[in-house]
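**Q** Top to bottom, those sequences are chains G, V and H. If you're matching positions, the first sequence starts at 1 in UniProt numbering and goes up one per residue. If you're matching positions, the second sequence starts at 1 in UniProt numbering and goes up one per residue. If you're matching positions, the third sequence starts at 1 in UniProt numbering and goes up one per residue.
Please keep in mind that the hints were generated in silico from the structure rather than gathered at the bench. One thing to keep in mind: the hints can contain errors.
What the hints assert, rightly or not - With a straight-line cut-off of 20 Å between C-alpha atoms, the simulated EDC-like cross-links for lysine to aspartate or glutamate are: (1) 268/H / 202/V; (2) 268/H / 239/V; (3) 265/H / 240/V; (4) 269/V / 200/H; (5) 261/H / 240/V; (6) 217/G / 118/V; (7) 269/V / 264/H; (8) 268/H / 213/V; (9) 32/H / 241/H; (10) 15/H / 305/G.
Computed from a prediction, not measured in an experiment: that's the story for all the values here.
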Amino acid sequence: MNQEKNMDYQNIPRELFTKVQVDQGERERIGRPSLTAWQDGWIRLKQNKAAVVSLFVIIAIVALAILGPVFSPYNFAQTDYSATYQGPSLAHLFGTDMYGRDQFTRIWYGTRISLLIGFVAACLDLFVGVTYGAVSALLGGKVDAIMQRIIEILVGIPHLIIVILLMMVLPAGVGTIIVALAITGWVNMARLVRARILQLKNQEFVMAAEVLGTSQKNIILRHLIPNTVGIIVINAMFTIPSAIFTEAFLSFIGIGLSEPQASLGVLINNGYSVLQSYPYLLICPAIVIILIMVCFSILGDGLRDALDPRMSK
Amino acid sequence: MNDKNVLVSVQHLKKYFPVGKKQTLKAVDDVTFDIYKGETLGLVGESGCGKSTLGRTVIQLYKPTDGKVIFDGKEVVGKQSAAEHKEFTRRVQMVFQDPYASLNQRMKVMDIVAEGIDNHGLAKDRKEREEMVIRLLETVGLQREHANRFPHEFSGGQRQRVGIARALAVNPDFIIADEPISALDVSIQAQVINLFQDLQKERGLTYLFIAHDLSMIKHISDRVGVMYLGSMVELTTSDEIFEHPLHPYTQAMFSAIPLADPKLETSRKRIMLHGSIPSPVNLGPGCRFAGRCPYATDRCRQESPAFQEVAPGHFVACHEVQK
Amino acid sequence: MDDILRVEDLHVEIKTHHGLVKAVRGVDFYLKKGETLAIVGESGCGKSISVKATMRLLPSNGRISGGSVKLEGRELTQLTEREMLKIRGSDIAMIFQDPMTSLNPTMTVGKQIVEMLKAHRKDMSKEQMKARALELIELVGISNPEMRYKQYPHELSGGMRQRIVIAIALACDPKVLIADEPTTALDVTIQAQILDLMKELQSKIDTSIIIITHNLGVVANIAQRVCVMYGGTVVETGSVEDIFYRPQHPYTKGLLAAVPKLHEKTDKLHTILGTPPDLMNPPKGCPFAARCAHTMKVCQEYRPVFTEFEAGHTSACWLHDARCQPEGENQ
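Start from the sequences and build out the full structure, keeping to the hints where you can.
**A** This is the structure in structure tokens:
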């Protein structure tokens, strides 16, 4: 084969051995297409099949949670004692419970509540956690030290004790669960954002901005925040499933939401008590909550791989 | 240098960092030197000798512990009004070491280069701003199309040139280049060095050029200062320092540079230094180099030598040389 | 058989999310017994990937897509991972750039040397291993080995750590020592010490060394033969004298001219314009064509073949071809 190659070389016409002018622009040309950091992240995310599937599953679940109860002919609290404990059928896709309530409607209604709680927790993260972390990092010095001690105290108190105490004071319901999450839920985000900003403050591009006389406000808006968005998004993705799980756990042990309100935790609790005779009452809501948790975690992982600047070169 | 106008004067500059509760790291300890208008002062030293800290203190990224920095006749440290500081940020610029960390990944090259233009209101409108950026990019050998790209799409050398364009945007008089070539490949280093020299000729810039590559320092500098553990040990013209180095550390360092010439490299004599650089935390009295110096005496270990002029324009801090 | 290591037509591909990077595209080199070969080139030219491929230490997204690597006639590319484990460390050892990250911070340096012996020298007793470790620490020029044996990496200076890394690499008397930028992270005065140490050790224990570097001064100091790489290919190979005093390839010439000489006054440095090729879409012809001052049409179309100038000195450039017009004389 090598012989053949050499033969080829012998046959190169003489005319090709003339000098050509390489234009300077060609030498500095960048071959790859222009991509923003977000587009680049999206390309990576698309290559992660598990993350893409998770994204679609989440979209489907959100759509069902919003539309399911609307299109269902039943109301989530509407009882029908003539049709209790019915197995899955065309009339009741996921069957009915002990009061004859349509399980399909209740599951999607419950998912809606669970997602709402997850969403609110993420928003808390975004507003309280990000602000707290950013202020702490930017002011620095004594303020930073005091703010960090406050966080340590909050982390030190067991979460469950706070929640149980709260439940004794406040009525059970979505509001109370949100208050319970609000007390400590944002701590993680605040710590991450603070660490990231402290790290960025020592980066040369921030120094370059200082040297150019950029105002403190513009350094924050143009340099620090855009470079923090990635970890904020990723962390919010992990907050959602953990908040949903906390709600489900509280409802399951009986100090969360209660009848006739429905959340995935309440449904699982109800289904658990009749597991032996009517397993579908447990299995359906369990599958939904597992899907939500797993998909958000995989998507969060995928986003971390896609957006983490240390990976991009 | 024909006109010996002092542009920057650094006097007894000190920068200490607290380490833990009681210790201090003397990153820059009592450094004095002048930089003349239009010259390039090279600053060499091994890692951790405080050369980058010195540069950052001069440009006021760090607040000095003590000492003065006088720029164009005016003292800058702690004596500037907001307006004066703004003018200082226009006249004094910096080029950084790491071509990856020194550009904001989320900004387009257009906005990166225009940052100084925006801060100082140097462009009347969007169109003028755009034209200025494109002219700057062309000055550093990049093109119009590059303005709309993001830094991660560029190679190291191209990024470094974007960093230079950013510094040039405010039309400064004095540029501190903090190891601008150490992260680049050999063939790219030469491009960047030539660019620095061309710009100096065209615009009459003054440089403080920090590096650890001695052959590059010799090539670009008019005068060279050598730092060891936070203090300056020798300062003179670049020819003088390479031909007649006086301080034992300078001599050892020059003899250790590997030369790109196998015959010379295998035949020449080396002054081998034993041991490694001690930690700059809590240094005792005496000359900092005494522990590794082949000529050290008891006096060196007890009394730190003054930085004195031993020949016209040749400063050395060493008891043995000064005798 | 004189060649201890022979690499032929090596191809390596690295998969990234943007596409396939053809990092090494047909590389040949050989290492003679007892010599030091330097591989020089810019970052991304494939020098580090080539030697990592010879040791089968490619990152998980990289693979050898062709060619052969023979260690004393034994083909390495076809071996199983288990067989390769035995070879790594005992037959071929490697020193990395950063001494801090290549040592385990939670283990004393003595123990790290013993670990290496445990993996490859099953015949040695515990006492023998410790004695051997102490001997190695002394061999790499560290005084007071008993004390150093019990120290952790963070208690040592950068130069000392690199010495320990070398001691670990030499623990099992490897036939080939691969040093990937061993002095880049060190200061000049320490670099000189380490280079001296490597030369001294080579004459003492007779290993063959491949050193990867971008510093031409280091090459001149330590190597007997040089292999210049560009854009995933070897462009010129020869003895140190050939490369430094009689360079043939325009890239080698450019590289040498781009380094300022300490003993000469140069007004302006020679530069090589442009940037290295993107190996995602490697150029069809000569990889250097886009930056070369003598580019011809043929350079853009065909990969140049090697021309031999004297024994062992070859260069891949179309300027050496007989068909090249006389104008090319000013090459």
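**Q** Each hint: holds or not?
**A** Going down the list of hints, with the structure as the test:
Simply put, residue 268/H and residue 202/V have alpha-carbon atoms about 15 Å apart, close enough for the 20 Å limit, and the pair holds. A C-alpha spacing of about 16 Å is found between residue 268/H and residue 239/V, which places the hinted pair at or below 20 Å, so the restraint holds. A distance of roughly 13 Å separates the Cα atoms of residue 265/H and residue 240/V; the hinted pair therefore holds under the 20 Å criterion. At most 20 Å may separate the alpha-carbon atoms for a hinted pair to count; residue 269/V and residue 200/H meet this at roughly 16 Å.
A hinted pair counts as satisfied when its Cα atoms are at most 20 Å apart, and residue 261/H with residue 240/V qualifies at roughly 16 Å. Our distance criterion of 20 Å between C-alpha atoms is met by residue 217/G and residue 118/V, whose separation comes to about 14 Å. About 19 Å separates the Cα atoms of residue 269/V and residue 264/H, which keeps this hinted pair within 20 Å; it holds. This hinted pair checks out: residue 268/H and residue 213/V have alpha carbons roughly 17 Å apart, not beyond 20 Å.
For a cut-off of 20 Å, the pair hint linking residue 32/H to residue 241/H stands: about 17 Å separates their Cα positions. For the given pair, residue 15/H sits about 16 Å from residue 305/G by alpha-carbon distance, which is consistent with the 20 Å threshold.
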